[in-house]
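Once you've looked at the hints, dock chain P against the given chain C.
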Amino acid sequence: MYTFSNRLKIGSFIAMGLGVIFLAIGFLSAPSTVEEAKAIVAAHDDGHGGGHGQEAVSHGGDQGHGESAAHSAEASHDEGHDAAHDEHLLHQLQNKPWAALYVAAFFFFMIALGVLAFYAIQRAAQAGWSPLLFRVMEGITSYLVPGGIIVFVILVLSVMHMNHMFVWMDADVVAHDKLLQGKAGYLNPTFFLVRAAIFLGGWIFYREYSRKLSLAQDESDDNSNFVKNFRWSAGFLVFYLVTESMMSWDWIMSLDPHWFSTLFGWYVFASMFVSGITVIAMVTIYLKSKGYLEQVNNSHIHDLAKFMFGISIFWTYLWFAQFMLIWYANIPEEVTYYVARFQDFKLPFFAMLVMNFVFPLLVLMNSDYKRVNWFVIMAGVVVLAGHYLDVFNMVMPATVGDQWYIGLPEIGGILFFGGLFVYWVFNTLTKAPLQPKRNPFIEESRHFHY
Amino acid sequence: MASKVIQALYHDDDVLMHAVKKVRAEHHHIEEVYTPFPVHGLDKAMGLADTRIAITSFMYGCLGLTVAIVMMNYIMIEDWPQDIGGKPSFSYLENMPAFVPIMFELTVFFAAHLMVITFYLRSKMWPFKKAENPDKRTTDDHFLMEIGVHDNEKELTDLLWETGAVEIKVTEKES
Chain C
1 MYTFSNRLKI GSFIAMGLGV IFLAIGFLSA PSTVEEAKAI VAAHDDGHGG
51 GHGQEAVSHG GDQGHGESAA HSAEASHDEG HDAAHDEHLL HQLQNKPWAA
101 LYVAAFFFFM IALGVLAFYA IQRAAQAGWS PLLFRVMEGI TSYLVPGGII
151 VFVILVLSVM HMNHMFVWMD ADVVAHDKLL QGKAGYLNPT FFLVRAAIFL
201 GGWIFYREYS RKLSLAQDES DDNSNFVKNF RWSAGFLVFY LVTESMMSWD
251 WIMSLDPHWF STLFGWYVFA SMFVSGITVI AMVTIYLKSK GYLEQVNNSH
301 IHDLAKFMFG ISIFWTYLWF AQFMLIWYAN IPEEVTYYVA RFQDFKLPFF
351 AMLVMNFVFP LLVLMNSDYK RVNWFVIMAG VVVLAGHYLD VFNMVMPATV
401 GDQWYIGLPE IGGILFFGGL FVYWVFNTLT KAPLQPKRNP FIEESRHFHY
Chain P
1001 MASKVIQALY HDDDVLMHAV KKVRAEHHHI EEVYTPFPVH GLDKAMGLAD
1051 TRIAITSFMY GCLGLTVAIV MMNYIMIEDW PQDIGGKPSF SYLENMPAFV
1101 PIMFELTVFF AAHLMVITFY LRSKMWPFKK AENPDKRTTD DHFLMEIGVH
1151 DNEKELTDLL WETGAVEIKV TEKES
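Top to bottom, those sequences are chains C and P. Using the working numbering, you'd call the opening residue of the first sequence number 1 and step up by one each time. Using the working numbering, you'd call the opening residue of the second sequence number 1001 and step up by one each time.
Any given hint might turn out to be false.
Dumping the calculated DMTMM-like pairs for lysine to aspartate or glutamate here, alpha-carbon to alpha-carbon at most 25 Å [unchecked claim]:
1) C/Lys-306 x P/Asp-1043
2) P/Lys-1021 x C/Glu-444
3) C/Lys-306 x P/Glu-1105
4) P/Lys-1044 x C/Glu-444
5) P/Lys-1087 x C/Glu-333
6) P/Lys-1021 x C/Glu-443
7) P/Lys-1044 x C/Asp-303
8) C/Lys-290 x C/Glu-443
9) P/Lys-1044 x C/Glu-443
10) P/Lys-1044 x C/Asp-368
It is worth saying that the hints were derived from the structure and are not from the lab. Computed from a predicted model, the values in this text were never measured in an experiment.
Just chain C, with the same shape it has in the complex (with noise of 0.2 Å):
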């Protein structure tokens, strides 16, 4: 059995502390009124007035300029843009916290939806090299259940306009924007909740039930535990395939909702995928460490290593898939998308690029490399905060725009959900032993060599 070592738990709780300093820094410091919102700008940078026609063309897709061209109606042409310009702009300063808070909470929940799906695949595929691993990764999907809870508050809340980052929420932009009134049949907040709802209840309930028989079939004297995990793994990974597509459309897509993207939800699962294997090996590194999973070996260690060098290349595969046929193509409404990433977020665009590519293929390539724990942990430290930047880029654009930086509010945000996951993960892998007893191929992931 595994203790929960009081310097982790310690560090979990500080970090769940700060974040929420940080957090409640980040809320109460964003403006409630349009002055505010402007001197909050102007205090920041003299030189933004040279940014203001450019971000207009960029967003020209963007919704808030629905919003402008109702308004501008009444007024002048001239002053109702600027008024519109001003309330978007506070509508992005506002966002912000809401944004840094999205984002890690997503973040952290996909890596736990990720182990999910890694584990059911090891299950329907009855895999022997990894029943050995089966309690670490039954650990980490434990948090699916906090992170999913709050993932679904966060968007309740959004649902409530608490917040503007989902726009086609807001039932005055909709009632002057042509498209989104097409789309509203399914891109509607009731709607959006119960699909939500139906999301995480499936996957919640798999992996409740999945771990259930797990345990289970330790106790038992024959197979019948196993057998029925295997089943219920194989019909999970149909649901998961559709869910999760539909998941990212909904989550992330919409934040942007008149682009799209046909392969959005093939990008996130191999952003999910490649994080979740990543922390695998790290928990599991970290555990032997520590002395525990004693029967663990390198083998072990380089078929996940080789996971994650594979997963970060079909990774880029899908993200440049994507980006080739819209820069191709060049068509205005798919093109703004990445206009937006190139004008204001070059710095994130391309550091991601560079940790989950570029890092990856050249670290993790050679075979012995990939046997070595610090060089896995160092690799997975980099591939994480490469996908935590990845996600950055899909929620920030359409939310705060160029109002973006990485202070308070976002490292408040990972602090929190870091902890919360350490904390959550951890306490999961002292409720059980941490080797299966009884699963048929544990034999085989005992001798697993490569």
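Here is chain P on its own, set in the frame of chain C:
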């Protein structure tokens, strides 16, 4: 110069692996093992040096990438400047996304083909070369271990029978 070798045949790859480990433990030098299929871990058991083909593969990949970049730059930018995707920038860097598939394919093409050619050259294989295989059955279901004999024929034969060989013969070998 002809040298005397002893050849032991085995039926099973597990038996062969144990035999290889045992023969090595007795400090005899195994010259070669012929198998009908690649046996996992045999290279480590025989104490062969790690393959360096991965390094050549990486270098060939880099060469392929360079060829692709130089080639596309010459064809699409310098020799006959192309307006790609309605973006007439005529700069390699700005048109790079369009060239990535070619860069990728040529990297793989060079790495794969040159690696195979390197492997053939290093293994001294070429068309119409006479097979070095001492026994036809090693292409079917037998495994053959070859050990050089240095006035210790009796000792080696006993050892090999002990390891579970199904057939042992001593022959002269051209080298």
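Going down the list of hints, with the structure as the test:
{"no.": "1", "hint": "C/Lys-306 x P/Asp-1043", "verdict": "holds, 22 Å"}
{"no.": "2", "hint": "P/Lys-1021 x C/Glu-444", "verdict": "holds, 23 Å"}
{"no.": "3", "hint": "C/Lys-306 x P/Glu-1105", "verdict": "holds, 22 Å"}
{"no.": "4", "hint": "P/Lys-1044 x C/Glu-444", "verdict": "holds, 21 Å"}
{"no.": "5", "hint": "P/Lys-1087 x C/Glu-333", "verdict": "holds, 17 Å"}
{"no.": "6", "hint": "P/Lys-1021 x C/Glu-443", "verdict": "holds, 24 Å"}
{"no.": "7", "hint": "P/Lys-1044 x C/Asp-303", "verdict": "holds, 19 Å"}
{"no.": "8", "hint": "C/Lys-290 x C/Glu-443", "verdict": "holds, 23 Å"}
{"no.": "9", "hint": "P/Lys-1044 x C/Glu-443", "verdict": "holds, 23 Å"}
{"no.": "10", "hint": "P/Lys-1044 x C/Asp-368", "verdict": "holds, 15 Å"}
Going through the hint list in order, the structure satisfies each hint without exception.
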